[in-house]
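Model the placement of chain B on the given structure of chain A, informed by the hints.
Chains A and B supply the protein sequences, listed in that same order.
Be aware that the first sequence starts at 1322, since it is given in our numbering, and climbs by one per residue.
Be aware that the second sequence starts at 2, since it is given in our numbering, and climbs by one per residue.
Quick list of in silico lysine-lysine cross-link-like pairs, DSS-like style, CA-CA up to 25 Å:
{"no.": "1", "chain 1": "B", "residue 1": "Lys229", "chain 2": "A", "residue 2": "Lys1429"}
{"no.": "2", "chain 1": "A", "residue 1": "Lys1523", "chain 2": "A", "residue 2": "Lys1421"}
{"no.": "3", "chain 1": "B", "residue 1": "Lys229", "chain 2": "A", "residue 2": "Lys1420"}
Among chain B residues calculated to face chain A with C-beta under 10 Å, some are:
{"no.": "4", "residue": "Ile8"}
{"no.": "5", "residue": "Leu45"}
{"no.": "6", "residue": "Arg84"}
{"no.": "7", "residue": "Val93"}
{"no.": "8", "residue": "Leu139"}
{"no.": "9", "residue": "Ile160"}
{"no.": "10", "residue": "Leu167"}
{"no.": "11", "residue": "Glu180"}
{"no.": "12", "residue": "Asp231"}
If we take Cβ atoms under 10 Å as the criterion, some of the chain A residues that face chain B in the derived model are:
{"no.": "13", "residue": "Met1465"}
{"no.": "14", "residue": "Thr1478"}
{"no.": "15", "residue": "Leu1496"}
None of these hints come from the bench; they were simulated from the model.
Built from N, CA and C at the ideal position, the CB exists for glycine as well.
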Amino acid sequence: MSRKRRSSVGLQSWITEKNNFRFFIGDPYGSPFFCVCNNPMGGLRRILRLIILLQVMAEMPDNVKRGEKVMHMADALVSPAVAGTMYALSAVAAGVSVKKVREENDTKKIPVMGVMGAFVFATQMLNFTIPGTGSSGHLCGGMMVSALLGPFAGFLTMIGVLLVQCLLFADGGLLALGCNVWNMAFYGCFLGSLVFWKPIMKNGASKVKIIVASVLGCIITLQLGAFSVSLETLLSGVSELPFGVFVATMQPIHLAIGAVEGLITAAVLIFVNEARPELLWGVGTSDKSDGRLSFKATIAVLAIAAVVCGGGISLYASADPDGLEWSMERVAGTAELEADGGAYASAESIQETTSLLPDYAFAGSDSALGTSFSGIVGGLVVVGLTVGGCLLFKFFKKNE
Amino acid sequence: MKKSSGISGRLSELKSIQTLQQRRLWINELHPLCKLLVSAAFILITMSYPKYDVAGLIPMAAYLIFAFLIGELSPADGIYRMRLILPLVIFVGVFNPFFDRTPMMRVEAFDLVITGGMISMVTLMIKGIYGVLAAYILIATTSIEDICRGLRMIHVPGIIVTVILLIDRYFIIMGQEAERITNAYFLRAPKQKGIHISAWGTLVGQWLLRSMDRATAVYESMQLRGFKGDFSISSQKFKASDIAYAIIFVSVFFIFRYTNFL
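For reference, chain A alone in the conformation it holds in the complex:
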């Protein structure tokens, strides 16, 4: 029957078999070896397709090879609704920042912001070679600016940099500017400085502390940025690429880039700390009454944000099956794959016994409430793990 269908709709041939689909997304049981054994011609065709796909992937991200972020979103990747939402979110962050910078009433800060913005812009054109590899990296703009100017002034500076980059060099789109500001400036400046830089530098700066703060800050903020790119593209509905595959491609690339950017940024900040330590922001300021967000307040804000996002997005997710499930439903008539085999069964049993909330909802429940609850609990678990990790870090630090 399968053979008959293939001849009638030629292009739908390989996706009609569920194993093929799983092979495409990297399932070990549908490996090329099995495919070739079962059906020589079909298997060869699949291998050819995989080679073409890998070739495309290898040829395409030229930026990645040069160690640049693939995060400047183009206008084409965002729908007006997503763009509008992100503009609104970025505008709120910008509004708060403008208020904070105005409150400081330091007119000297504005020229410094302008010149630092131009400096970050220019340093991003420099190539830093990474020892042992053939590639090169760049400076992490958000982290660097906020370590020197603080999160609020840093955020406004990065908005300027992103707008000028977008207009002069078409690096990012006008419509996607809200997304780009959020993905690159918001995480880099606010999370980078308030969650990583300031708490670590609380009792003065040192070489190790600067490296830890920069690398950790760059990695985490870039991961969040990359994840947001995937999420915004998914919500815009422009890509048929399953969300999982998109995320699985974006995150590892930016993990490596984040580590390198963090090291380069750390090298520069260490130099500044040695030469002119007074230029660094938030170092050794134990004064609590400065009106800035404390570490605890930041964690609380993040927790609320995670809960809101988890709740809201999972409702969306329940209403609209993701690309992978959707394609599966069309092809196999079911969103879940049935597979036999010892390894699969044992993997499934492990997953079932370890997962807190199987399939993101209460077992046996199909309600929106259940899905939303799972999202919130998931968010809380992540926040709990993060807080626990931080407390552990503190505990060991004290013992030292």
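What follows is chain B alone, placed relative to chain A:
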């Protein structure tokens, strides 16, 4: 020397854009806010087209053709600007034909089935090109100062506008400094692909400290000229042609998008 070509290439691109901005063509003289509005409306409406609507996107090119002809711009320069955002657009679009295999139409002559994924990929590419070209039209006919004037008129906070203006002014100076630094570095460290790890901190750090000193000098000179925390940007009056330009184009976009006029 080879490595500095990236920086000098960008600087020359910037200079060519500034030359384009300073021409005295009709489109350059239009009110910046109207051009900003038309560009934003164009991009917004283009991106709102459904993913299978290739045919609908074609008439939208009328604005681009008009602006490229009237603004005497080179389409090749506009398309060349695609290179920075192209990787992500291709990455997102290139998989569509693999995943969306809904047959949409059949070309009998070649026995070819056009699937939804192929169409949505083409739509994505067209949207990408349109977005970049529209931004190019805006920046090639309007200086950043004019754009900032427009932003100030729609009450974007003065701090943000001032920072954008300063970044625009100092970027060329910083870019030239980056070029000098890399040239000097590569003359002393031949056969290096980039800045070596041993020089990461000191090279950029020294430059950073110099830039901070420069910022202080800039601040002092601005204070001597009466700077009080905000630039006073004189607003430009609207002419009849400015308003006509904005109304005509925005309505044309809406007609293309929401009426079945063809």
